[in-house]
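Enquirer: Here full-length UniProt numbering is used: the sequence shown runs in plain steps of one and ends on residue 608.
Bear in mind the hints are in silico, worked out from the structure with no lab data behind them.
Careful, some of the hints might be misleading.
[Unchecked claim] Derived EDC-like pairs (lysine to aspartate or glutamate); straight-line CA-CA distance at most 16 Å:
| no. | residue 1 | residue 2 |
| --- | --- | --- |
| 1 | 116 | 76 |
| 2 | 430 | 444 |
| 3 | 430 | 442 |
| 4 | 542 | 222 |
Please read these numbers as outputs of a predicted model, since none were measured by experiment.
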Amino acid sequence: MEFKAIEDPDWDFARNKHILLKSPIGEWSSSIFSSEVFINGEKFIGPNRDCPFQGLITSINGCIVKIIDGILFSSEGIGEKVIIEPYKAKYVYPDLEVDLEFKNDYFQVSFNRDCKILLFFETPNVDINNEWIILCNDIAKIGPFRSIKWINYHTDWIYKIDCGFRYRDEKDYIRFFREIRRIYAPFIGIPKEKYLKIMINGKKDPWNIKENSWINKLYFTDEKIGNLLIFRLSTLRSFGLDLNGIWFPEAGCWWFRQPWTRDALEGIINNFEVYTKIFEWDEKLKNFVIFLMKIVEKEGKLPNIIGCKETSVDALPLLLYLCSKLGINVEKIVISLLKEMEKREIIEYGEPVMRNDLIACIPYQSWIDSRINEKPTRFPEEWNEWWLPKYSLPEVNAYWIRALKLIYENSKNNEIKDYLERMEIAFKNKFWNGEFIVDIIDIEKNKRVNELTSCGVTALSCTLHLFEKNEVIKAFKSIKSLIVYRTLRVIGKETYPFGIAISSRIEPYFGDREYHKSTIWPRDTPYFIKILEYLGYEDMIKGILLNNLDHMISEGAIFYINEIFGHPVGKNPNPTEWSMNPIPLKNPAQYWSHWCDPYIGRFLFITS
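Hey, can you work out the whole structure from these sequences and the hints?
Expert: This is how it looks when you write it as structure tokens:
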């Protein structure tokens, strides 16, 4: 797709378009807008960076490593347009065209003419070995160069979106915090050929993400929408770290280029049909779950991030459910885990317990994990003892019920059946208030938070079999208050539902206090769609699907989906006609936002 090389000032540049090229090797990201630097009167121009994680990064031993901050080229022109494909991008200037692309074992920058190159790094310390620049203690090498002129230039770069946190300025406008960092251009180089290779730590693409024979299996009801779905499916393939030969989809780009267990499991479950029927990645999925099950067998739990200590309570039932979908027998370990939780004492910062047929944990151990001064933001202000695992969360228990239901259907194990039936009764008795699924239950004091949240929507979606249709209709009347609307920008002009808010609070997003309180998370949308599907609201589903495609090509990282969206409230420094749409914020390419299965059978059909 072709885009004009301009910025979008709406909501302080929140809707700026970005290039994101992802590979198991690393990531390149930059604005579609270009910026200029003059060195001794000579002009260099290249992709702008709005966030300090932009440029060329990789992940090594769980750490994010920045290889290049920016790359500029000798040119007299200005940025005219950018052409973006899922795995490559082209910056077009009047006198120069530059292509960026990950190959199988390196990142390549190529030019349609000879030019000088200005590379920016976070450190002035680079070495040279023949025709190659060596940096990051031999982690990467760049070249080949025909000649290099040392200039030892530096500048203080302003990253105008930084990492997405916002504030109110003295005139009450809502703006992003800026970050200023010193970056260094030690030399001006002339490439030996009309390209540069950046090789990173011997990394390769073991998954062959660019392979596209799978497209031949697909039939689309609309050619334009079909092309967008090919883009969406193609970029889905770009998620997948190589953990010693195990495919493990990372949680997102930038700071989320790490193996988060719950994020990976949610993303796989909501793309299960794509992975198994279109990509035919069954073996990758099985190796992935076997890798995680070995952790469970050893530890009895799963970590938030592979290699870290904090527990992800919701990841465990997600894994067991995925195992069952893949036909892997898990009933013995499931029974063992449940019995262990029944025996376990409630202690400070302890592991989850099972009491009165419900699972209870510390409130931040599920996906809503933000804390202010250690206290979970999900926890009611007037409550105390947040450090005890005595709080039943609707989504955690619903995930367990969904998993046990499928395990029993596959195994007909009577112990599984007993646990399932007891949990189902307790869940409906405790969490259903007659109008919706409530949020938190203190199992010791027998009190609950009577608040409707997207977690309750998720829980209802996973337990629809427990409710009469009239009860689901009644719940939907409450859920309608969470629906967020958006107007199409590219593929139409209609206003459709976009997703659901995490709660009924409509406040501007600034930081951690609002992160899980007053935002819209696309990760919730597949669950909402299942409720709409149950109720037969197909027109609403199709509107949501079109809207999410439209976001993907009109703002943020093109062909990817943002982590969160903010409510368009507060004082906007640069209003536009699109200002009332939800505001894309934080990470621009979140894996669990990148669901594709709901498009199957609606806009996309599998022919073979």
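Enquirer: For the pair supplied as a hint, residue 542 and residue 222, is the alpha-carbon distance within the 16 Å limit?
Expert: Judged against 16 Å, a Cα distance of about 13 Å means the pair holds.
Enquirer: Are the Cα atoms of residue 430 and residue 444 separated by 16 Å or less?
Expert: Given that 16 Å is the threshold and the Cα spacing comes to 13 Å, the pair holds.
Enquirer: Checking one constraint from the list: CA of residue 430 to CA of residue 442, max 16 Å. Satisfied?
Expert: 10 Å, holds
Enquirer: Is the Cα-Cα distance between residue 116 and residue 76 16 Å or less?
Expert: With Cα atoms ~12 Å apart, residue 116 and residue 76 stay inside 16 Å; holds.
Hint check: no violations occur; every hint is consistent with the structure.
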